[in-house]
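Please build the complex by placing chain H on the supplied structure of chain V, with the hints as guidance.
Protein sequence lines correspond, in order, to chains V and H. Going by our numbering, the residue at position 106 of the first sequence is 106; the numbering climbs one at a time, nothing skipped. Going by our numbering, the residue at position 67 of the second sequence is 67; the numbering climbs one at a time, nothing skipped.
Here are the simulated DSBU-like pairs of lysine-lysine, each with C-alpha atoms no more than 30 Å apart in a straight line:
hint	chain 1	residue 1	chain 2	residue 2
1	H	K67	H	K36
2	V	K57	H	K36
3	H	K56	H	K36
4	H	K70	V	K57
5	H	K67	H	K56
6	H	K70	H	K36
7	H	K68	H	K36
8	V	K11	H	K36
9	H	K56	H	K68
By construction, these hints were calculated from the structure, which means they are not laboratory data.
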Amino acid sequence: GAGVSQSPSNKVTEKGKDVELRCDPISGHTALYWYRQRLGQGLEFLIYFQGNSAPDKSGLPSDRFSAERTGESVSTLTIQRTQQEDSAVYLCASSLGQGTNIQYFGAGTRLSVL
Amino acid sequence: GEDVEQSLFLSVREGDSSVINCTYTDSSSTYLYWYKQEPGAGLQLLTYIFSNMDMKQDQRLTVLLNKKDKHLSLRIADTQTGDSAIYFCAETPDDYKLSFGAGTTVTVRA
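Okay, chain V solo, but in the shape it has when bound (with noise of 0.2 Å):
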């Protein structure tokens, strides 16, 4: 695609459900990133997808979060038993994993916990 996809765009959902979270990324990209940004701050790294590589998991708050990347396409990120604390903004970005690596970010996926 032209630009990084996320979807949805705004999710609610109650206390103790799950909820995946789905990004596109842009065609060709080999490197892919999910972040999340809480409410007046900055972006937290959460998990890092190069290529076949084992993913760098180190930013994952609990074991209640999780992702997958089939390829070098599409990942999802997986929330079990949300909290409110999970209410946030998380982004999706990718690159192409060289050189300067810059980062091209999605829209994100506004996630309110009831």
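Chain H only, in chain V's frame:
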């Protein structure tokens, strides 16, 4: 806490220059970036600078880098209402993930 620090707010009159400052911690960052976020939107890359440069100019944008003090600034000349947004400074503490500041909210007043 965050390793990248920025002032939180900046108010500037239309037509004046804006200067947004940032300090970072990782001297090994190869590139440093400025991103812009408009309400309800994702982050848009504005510009970046390679760590062996001390200045980069791109139309109305000027980036200054002081590696000794780990200080980065973004100057926007002739600030317009469309420049109202949150501006994020980011460093690369390793080869890939970005470490962001909390963002500077720039408000342009007529």
